[in-house]
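Each chain, written out:
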Amino acid sequence: AQRVTQPEKLLSVFKGAPVELKCNYSYSGSPELFWYVQYSRQRLQLLLRHISRESIKGFTADLNKGETSFHLKKPFAQEEDSAMYYCALGGFNDYKLSFGAGTTVTVRA
Amino acid sequence: ETGVTQSPTHLIKTRGQQVTLRCSSQSGHNTVSWYQQALGQGPQFIFQYYREEENGRGNFPPRFSGLQFPNYSSELNVNALELDDSALYLCASSDRDRLSGANVLTFGAGSRLTVL
Numbered sequence: 030a031q032r033v034t035q036p037e038k039l040l041s042v043f044k045g046a047p048v049e050l051k052c053n054y055s056y057s058g059s060p061e062l063f064w065y066v067q068y069s070r071q072r073l074q075l076l077l078r079h080i081s082r083e084s085i086k087g088f089t090a091d092l093n094k095g096e097t098s099f100h101l102k103k104p105f106a107q108e109e110d111s112a113m114y115y116c117a118l119g120g121f122n123d124y125k126l127s128f129g130a131g132t133t134v135t136v137r138a
Numbered sequence: 059e060t061g062v063t064q065s066p067t068h069l070i071k072t073r074g075q076q077v078t079l080r081c082s083s084q085s086g087h088n089t090v091s092w093y094q095q096a097l098g099q100g101p102q103f104i105f106q107y108y109r110e111e112e113n114g115r116g117n118f119p120p121r122f123s124g125l126q127f128p129n130y131s132s133e134l135n136v137n138a139l140e141l142d143d144s145a146l147y148l149c150a151s152s153d154r155d156r157l158s159g160a161n162v163l164t165f166g167a168g169s170r171l172t173v174l
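From first to last, the protein sequence lines stand for chains A and B.
If you read the first sequence in our numbering, its first letter stands for residue 30, the second for the next number, and so on.
If you read the second sequence in our numbering, its first letter stands for residue 59, the second for the next number, and so on.
No lab work stands behind these hints, which were simulated from the structure alone.
Computed from a predicted structure; not experimentally measured.
Please note that the accuracy of each hint is not assured.
So these bits of chain A aren't anywhere near chain B, every CB distance computed over 12 Å [stated by the list, open to error]:
id	residue
1	K44
2	K86
3	Q107
4	G129
In silico contact screen, one side only, chain A against chain B (beta carbon under 10 Å); selected entries [as the list claims (entries may be wrong)]:
id	residue
5	V33
6	F63
7	L73
8	G120
9	L126
10	F128
11	A130
Just so it is clear, CB atoms sit at the ideal spot from N, CA and C, and this is done for glycine as well.
Work the whole structure out from these sequences, hints included.
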């Protein structure tokens with residue numbers, strides 16, 4: 030079965046504090062992991078994908094196949110990081126992505 | 059480069075009715091995926107169309123059907139609407155011909171369906 034678990038529905042941090050969003054997955058094949066983000070009044074958009082190994086807007090995520098995790102991290106949260114974050118799982122050129130339930134991040138001044 | 063556009067943005071139907079939602083894919087994309095997002099949940103995959111053929115389907119009954127046209131735009135049809143069909147329906151386009159491009163989705167703003 031293909032499954033994504035985001036254990037935190039809500040995450041509140043102060044500006045400048047580190048933030049970590051947890052994501053665990055279950056997949057029998059070779060996984061492709063993503064983080065998608067939805068800012069207020071905007072559409073869902075790609076934040077980063079594990080194969081590119083980029084840092085986008087200060088966020089990084091490392092795929093840990095042993096722990097089947099793909100946690101999203103940022104060392105210093107900014108107010109503009111307040112958004113809904115979804116972890117998503119697919120296979121390479123598979124026909125679908127499976128999304129987690131999402132984590133709402135609020136960064137307080 | 060145009061993004062993904064969906065219509066209508068909002069609609070209200072009653073149980074038993076039928077609905078058609080429309081999606082124009084991003085320029086250069088050949089694949090359209092449809093997702094259902096219920097309140098408080100992540101998007102759930104309905105099906106995907108690649109070059110006018112259904113390319114995969116999630117756990118949705120046959121009353122959910124779709125089409126993709128030669129210009130890669132797409133329709134989602136739902137027959138015999140039920141109250142539980144009330145949700146945001148998201149269309150996303152991608153390019154399956156690009157290496158690992160299938161899962162890099164560009165989303166539309168969604169069509170919010172309310173079934174009374």
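Have a go at the A:L126 hint: is there a Cβ in chain B nearer than 10 Å to its own Cβ? holds, 6 Å
Is the interface hint for A:F63 satisfied, with its Cβ closer than 10 Å to some Cβ of chain B? holds, 7 Å
Going by Cβ atoms, does A:Q107 stay more than 12 Å from chain B at every point? holds, 23 Å
Hint check: 10 Å Cβ-Cβ cutoff, A:A130 to chain B: holds, 5 Å
Going by Cβ atoms only, is A:V33 closer than 10 Å to chain B? holds, 8 Å
Chain B contact restraint for A:G120 - C-beta distance below 10 Å: Holds: closest Cβ of chain B sits about 8 Å from A:G120, inside 10 Å.
Please verify that the nearest CB of chain B lies beyond 12 Å from A:K86's CB. holds, 17 Å
Would the hint on A:F128 be counted as holding, given a Cβ-Cβ threshold of 10 Å to chain B? holds, 4 Å
Interface hint compliance - A:L73 to chain B, C-beta minimum distance less than 10 Å: holds, 4 Å
Minimum Cβ-Cβ distance from A:G129 to chain B exceeds 12 Å: At about 5 Å from chain B, A:G129 fails to clear the 12 Å cut-off, so the statement is violated.
Against chain B, does A:K44 keep a CB gap of more than 12 Å to every residue? Label holds. Min Cβ-Cβ 26 Å, cutoff 12 Å.
When the structure is compared with the earlier hints, a violation turns up for hint 4 alone.
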